[in-house]
Structures are given as structure tokens and as C-alpha cells.
Amino acid sequence: MLQKKVCMLGSFAVGKTSLVTRFVKSLYSDTYHTTIGVKIDKKLVEVDQQHVNCILWDIAGEDEFYTINNSYLRGMSGYILVVDNTRKVTLDVAKTIYDRVEENQGKIPCVLVINKTDLNVDSEISEQDLEQFIPDIPIIKSSAKTGQGVEEAFTQLVHLMLNKGHA
Amino acid sequence: MPVSSNQNVNADITQLKSLKALLLEPEREELSQLQQLQHAFARKVALQIADLKKGQKLTPQQLAAELPEAVLHAARHDDALSDALSPTIEASLKVAIKNDPQGLVNAIFPILGPAIRKAISSTLQELVNSFNQVIEQSISAKGLRWRFESMRTGKPFAEIALLHSLIYSVEQVFFIHKDSGLLIKHEISANAPTQDPDMVSGMLSAIQSFVYDSFNTGQGDSLESLRVGDLAVWIESGPHAVVALVIRGNAPANLRLILQETVEDLHKHFSNPLEKFEGDTIPFSRSSALLRKCLKTQFQQPQKKRPPIVAMIIISLAIISLIAWLSVQWYDELRWTKAVDSLAKTPGYVILSHQVDGRYQVEGLRDPLAAPPEPILAQHLIDPEKIDMTWRNFQSFDKELIIQRIRYTLQPAANVIMTMDSQNRVVFSGDAPYQWISRLQQTPPILFGVQGFELSDLASQERTELLLLIEKIDQFTVPFELGSHSLSPDRNTHIKLVSDLINRALDISKITGLALDFTIIGYADSQGGQELNQKLSLDRAHTLYQQLKETSQLESATLKGMVKDANSESTINRKAELHVNLKSVPQ
Chain A
1 MLQKKVCMLG SFAVGKTSLV TRFVKSLYSD TYHTTIGVKI DKKLVEVDQQ HVNCILWDIA
61 GEDEFYTINN SYLRGMSGYI LVVDNTRKVT LDVAKTIYDR VEENQGKIPC VLVINKTDLN
121 VDSEISEQDL EQFIPDIPII KSSAKTGQGV EEAFTQLVHL MLNKGHA
Chain B
1001 MPVSSNQNVN ADITQLKSLK ALLLEPEREE LSQLQQLQHA FARKVALQIA DLKKGQKLTP
1061 QQLAAELPEA VLHAARHDDA LSDALSPTIE ASLKVAIKND PQGLVNAIFP ILGPAIRKAI
1121 SSTLQELVNS FNQVIEQSIS AKGLRWRFES MRTGKPFAEI ALLHSLIYSV EQVFFIHKDS
1181 GLLIKHEISA NAPTQDPDMV SGMLSAIQSF VYDSFNTGQG DSLESLRVGD LAVWIESGPH
1241 AVVALVIRGN APANLRLILQ ETVEDLHKHF SNPLEKFEGD TIPFSRSSAL LRKCLKTQFQ
1301 QPQKKRPPIV AMIIISLAII SLIAWLSVQW YDELRWTKAV DSLAKTPGYV ILSHQVDGRY
1361 QVEGLRDPLA APPEPILAQH LIDPEKIDMT WRNFQSFDKE LIIQRIRYTL QPAANVIMTM
1421 DSQNRVVFSG DAPYQWISRL QQTPPILFGV QGFELSDLAS QERTELLLLI EKIDQFTVPF
1481 ELGSHSLSPD RNTHIKLVSD LINRALDISK ITGLALDFTI IGYADSQGGQ ELNQKLSLDR
1541 AHTLYQQLKE TSQLESATLK GMVKDANSES TINRKAELHV NLKSVPQ
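First to last, the sequence lines map onto chains A and B. First residue of the first sequence? That's 1 in our numbering, and the numbers climb one at a time after it. First residue of the second sequence? That's 1001 in our numbering, and the numbers climb one at a time after it.
Only chain A is shown next, with the shape it has when bound in the complex (with noise of 0.2 Å):
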């Protein structure tokens, strides 16, 4: 059995610690609990003929005070960037976070998640920002709220990283 390290990275409250939840236990919660550090959980999954163990990372939002730390980061096969589809500013933090995995760590597996498309009234993320973005990039638009576009995420990310022959 193939295990993979994935990190859920993001800005703060975009819906990291909810869309793991969603993946792992298929439960949600309204209440808002920052995440301290990182919480680890794991999923196995079945993509492509193959098991993967999945452990699964949930580091702590960034933000103008905190950096992600890259060490948690060292050795991940993957990771899934989340977006808050009701704040444009989390687009930029992502692209931002993207970079500097990229420089750090290399090109590495990734999918942009743009999270709470049940808020779509309150959408500030335009299809011409996502179209801006970085464009190798799978997009899936996800509700860790309704559980749609989460399990296809992740399936996504698993499968990104089986073909990038780490097998």
C-alpha cells in the first residue's frame, strides 16, 4: 500500500480543517475553530487500481502574521490549495503559497479548491481570476458544507501524484 503526504495549505478560514472533515469523517460543523500548528489525519483511497494511504496535513492558515512553516511541508507528495470563494484576497494568498512551494520544494502536485461555492451569492472569485491563475493547475469548486467537489479533490490530487510516477 503507497502512502502520500498531503497538505492542505491556504489562507486562514478558507475551509482546510472542514474540507479534511468532510474527506475523512463526512461530517461538518458551522462553528469556527482556528487550526494551532497542523493536525494530521489519513484517508485510504482507492484511485486508479491502487490503495493510498493518505496522511493528510492541515497546517494552520497563513496570514499577514504568520508564515506556513516550510518544514512541514518537506517530503508531501501533494498538496491542495483552498480558496474562500467569498474573499478574493485568499486567490492571492494562494498564489502566493503556490510560489513558494514551487521555489522551495519543486514542482509538486496541486489542486486549487475553491471552497463555500454554497455561498455563491456572496462569490467574489470571478472565472477570469481563476482563469488567471496558474493554469496547469486543476480547479474544483467545493462546498465542505454540501460535501460537493470534495471527494473529486482529492481523488484529483491522488491521482496527480500516482502520475507523476511516485508510485
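Hint data in this document are derived by calculation from the structure and do not stem from the laboratory. Treat the numbers as computed from the prediction; the structure is a model and nothing was measured. We put the CB at the ideal spot given by N, CA and C, even for glycine. It cannot be assumed that every hint is accurate.
What the hints assert, rightly or not - Simulated crosslink set (DSSO-like; lysine-lysine; CA at most 30 Å straight-line):
#1 B:1155 <-> A:95
#2 B:1386 <-> B:1338
#3 B:1268 <-> A:164
#4 B:1276 <-> A:39
#5 B:1276 <-> A:164
#6 A:107 <-> B:1178
#7 B:1575 <-> B:1560
#8 B:1276 <-> A:107
What the hints assert, rightly or not - Some residues of chain A that are not near chain B, with every Cβ distance over 12 Å (derived):
#9 29
#10 57
#11 62
#12 117
#13 119
#14 129
Following the hints, position chain B against chain A.
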């Protein structure tokens, strides 16, 4: 090497080549042969592959010929063939076992039996040892403390005892990829609690990263240990992997050495897979042996055999108390048994049951005339307050009690002696009032156990008295003066006395029916004429008779006269004698 001309160099080279040829020729030839064989084999395989590609299948015979060698070759090369065949072999084994489980049992039976026996023996031995240890610990102060701790914490006593006996125990070993924090292998000792090892290893890695980032430690520095309560986590890092031990207790310093050696060995044996690690843990399957070397446990050595004085004293006291109590119980039981035996031997008692159960209990049959039980039991020092007796009345056939019953019924005189003979007849002896005897003869009582009465040895009191009276009366003599047949007045007192005796005798005679025969003989000597003396003697008898008639109830008597020889003492011959005897003796 000194500089020389080209010629010298060429000569040196030639010499060197010759030397090489001399030294290495055999190996060279062998190598050459091997290479040729390899090429031939490769050609063969290539041909066969070409054949296959052309659609020509290998015949089974061809395949059978090549297959063993191919398998051997593959096994030497890598584990690919094993990995490829494993699923198939596993599936085949499962089917085989399912179809014929007994076959498998039979096959492994020779190994299974001894292994099971050994396991059982070992387990029993461990059980006995641990039982001994627990018993020892239970009695000691330490053991009591541990029991209290067990009650307080809710943990089983065995676990508490084990923890206190433990010096240290390595419970888990984590083999973690350094960069990613992914768990490569995890080993755990038996009965050790564990969380999800993947998440534990991830968090350990995250903690290490946190420490490294937070405290700006040097490049080569890393977190080496954590401690939480009883548990310590020792971490040792290598270039590509980290090994973490979860230790309970206080491990010695040399365990760190073992940990370091393990990290080194892992890097040595798995350097390639570690460098290329992308999450696949299969290449590390053989690392278990190295990791399990770290699962060490050390218990406290049993202290030198110091006799447990307190425990021995307590046990001795307990044993002594038990013996004393048992002795008292036994003695009590013995006394009671003897007391009951005494009671059983007492006439008039039949014991049905007896026991000692806190109190002394006896149940049986008792003749109302039997002796009271309390004094008998008291002789054996049985506390009368603690005795519960249940008696039912019955009539005993004990001779003693029969006699007693008769005595109670007949109320004999004190002089009557009663015994029972072998034919269960009551034999009376002694003397009793005539009327009592007569009544007994006429209407003997019916008594159970009595076959009859024997009265032949029983004398009536009256007869006895009568005989005494006769004895006294008989030979009563009154003297007369010479030639006279008158009684002197000074004889009145004597006559009165004998009259009383006669009266009493006559009274008894009437009661008893005994007839008395009175004879009065008058005596005269032979001086003078025979006729005169004869008449005198008769007169004398008559005088006495008359006197007695007046003073007593005497009604008749036989009178006789007797003349004695003149040579006899004269006073003796001038008298009258009274004689009395019985006519019949009642039975």
C-alpha cells in the same frame, strides 16, 4: 615510480601482464566460461521469446525444463517473482485449506503438537511464577499498597504489580521517513496500548519540525526525547529516516546505543529504498527484524531471599489459631461423644441422634424412671446451659428399671430385696408384712418384661417375729416350793412378761394363720410316793396354765406332769415349763 626510458616502461608493462596472467589466469578462464554460459542462456531465452512472439508456444516439456532454472535465477536477482507469485500462492493455500483442512492439520501436526505443548507448558510455568509472585506480593506491605492503588485507579492488580516490577519496557518502535514523516514500519510489543501509528508518526514529525523552526536549532540537531508521565519517546535521526521508541519506565543509557545502531543498520540495509522513498513501504518489509531488536523489557530482579518475617508470623499465628480452634472443636466433640456414650449406657436411655453445632444437641428415648441426664452429662464437664435435649417417653426393659418400677408399684417394705433372674422373673428375698406377701401372691401385678415372681425366699415379718417369740416363750419356767403347787407372788412379773409374749404370738398366729401348740409340763421329784408326785406335777402344770389363762389370751394348752429321779437336783425338779411350737409354716 622512477622515470625511465620507453623501453623500460614497455618491459615493465610486459612483466606486469605476465604477472597478472600468472596470478589471475584460472579466475579469468572461469569468468570467461561463465560469461559464455550467460550469453548462451540469454540467446536461448531470446530465441524462446522470439518463438513465443511468432505464435509458437513453448511445449510443457520445454517449459518444465527451463522453469526451475528461471525461478532460481529470478529469486537471486530480486523479489519480483516472489511478489508476483504471493497472491496466487495465498489464494491457492486458502482454497486448499478450505477444501481439506484436515490435510493441513495432518501436515503440520508433528510441529503443532510439540509447539502447543511447549506453549502450554511455558504459559503454565509463567502462570505459576506469576501466581507465586502475586501471592508473595499480596501478603507483603508493598502488595497491600499496590492493592489500594489498584482499587483507587481501577486498574487490575496484576497490571499494577507488573508496572511496579517493571524497570522499563520498549512498547513501540516507529520507523519514519524523515522528510515526509510517513510511517515506514511500526513494531509493537504484546499488550502495549497504541494509537493510530500513521498519525503518531506524522505528529512526531510535525513536533520535530516545530521544534526545529521555533528554536532555530542547528542543521544537525533534532529532538531526541519526549517525556509524558510514565512514557518516554526516544528519537534518533539518520540522514533519511527517524526511529522513535516509546518506552515505559526508566531505560538505561545503553538503550540509546541500541537505538543508534538500529538507525545505522536501517540506513545500511535500506539506503536505496530510503533515498527513493515515495510512500511505498514494501521494500522495507524485512526491517521488522531490526526494529524488533529494540523491543526490550527489563523487570526488577527479585530481591535476595529475605524471609518475610511479618508474613511468616501472621501465617504462623493463623495456623496456630486454626489448630487451636480445631483442637478445641475436636475435644469438645470428644467430650460430648463420651457424655452421650455414658448416657446411652445408663439404664432407661436410648440415644437416637446427637451432634455439636454451637450447642450440644441430643435426641432419644427416655424411661420416666431413668436417672436424670444432667448429672451424667455434668460429669463430662458439659455446660448444661448449652445442652438441648429432646426426649420421648418409653418403657425400658432394663432390669434395673423393671425393679424400680415394681418397687414403685408394689411399695414393698424396706427389707424386701428384689432381683431378676435369667428368666425375667422377679425374685423376692428378705422379709415383708404377711398381708403384703399374701396380696402379692393373690393378685400379682402385670408388668411388661416380667415373666413372674419368685417369693420362696421372702419371709413374712410376722413369722420372723413369731419365731423369736416362740424362742423367748419356749422353755419358760416357774419354780415351785417343795411339795407345793402354788406360785409365789414374786413370779407375777415374770408371768406378766411371758403373757405379753404369748398374746403377741397369738395375735401373729391369728394374722398369719400359724397355729401354736402350747404345752405346759409340771415337774416333781421322786421323793415321796409316785402317785403323789405325779399329781403334784400335774397340779403345778395346771397352776401355771391357770395363771397364764388369766393373764393372757391363752385358751388351751397340753398339760403334762413329769416326775424326775430323786437324785436329780431338786430345785430343777420343782417347776413348771411352758413349751410352744408351730403347727405349720406358711409358704
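Here's how the hints hold up against the structure:
Pair hint residue 1155 of chain B plus residue 95 of chain A does not hold up; C-alpha atoms about 54 Å apart against a cutoff of 30 Å. Simply put, residue 1386 of chain B and residue 1338 of chain B have alpha-carbon atoms about 16 Å apart, close enough for the 30 Å limit, and the pair holds. Among the hinted pairs, residue 1268 of chain B with residue 164 of chain A is consistent with the structure: their alpha-carbon atoms are about 28 Å apart, no more than 30 Å. A distance of roughly 26 Å separates the Cα atoms of residue 1276 of chain B and residue 39 of chain A; the hinted pair therefore holds under the 30 Å criterion.
Between the alpha carbons of residue 1276 of chain B and residue 164 of chain A the distance comes to roughly 14 Å, so the proposed pair stays at or under 30 Å and holds. Annotation: proposed proximity of residue 107 of chain A to residue 1178 of chain B holds, straight-line Cα distance about 20 Å (limit 30 Å). At roughly 12 Å between alpha-carbon atoms, residue 1575 of chain B and residue 1560 of chain B fall within 30 Å of each other, so this suggested pair holds. For the suggested pair residue 1276 of chain B and residue 107 of chain A, the alpha carbons sit about 17 Å apart, so the restraint of at most 30 Å is met.
The beta carbon of residue 29 of chain A sits about 20 Å from the closest Cβ of chain B, which is more than 12 Å, so the claim that it is off the interface holds. The Cβ of residue 57 of chain A does not lie farther than 12 Å from every Cβ of chain B; its closest approach is about 7 Å, which violates its non-interface assignment. Every beta carbon of chain B lies more than 12 Å from that of residue 62 of chain A, the smallest distance being close to 14 Å; the non-interface claim holds. A cut-off of 12 Å between C-beta atoms confirms that residue 117 of chain A is not in contact with chain B; the least separation is 29 Å.
Look at residue 119 of chain A: its CB is around 31 Å from the nearest CB on chain B, clear of 12 Å, so calling it non-interface holds up. Annotated as non-interface, residue 129 of chain A keeps its C-beta farther than 12 Å from every C-beta of chain B; the closest such distance is 32 Å.
When held up to the earlier numbered hints, the structure conflicts with 1 and 10 and fits the remainder.
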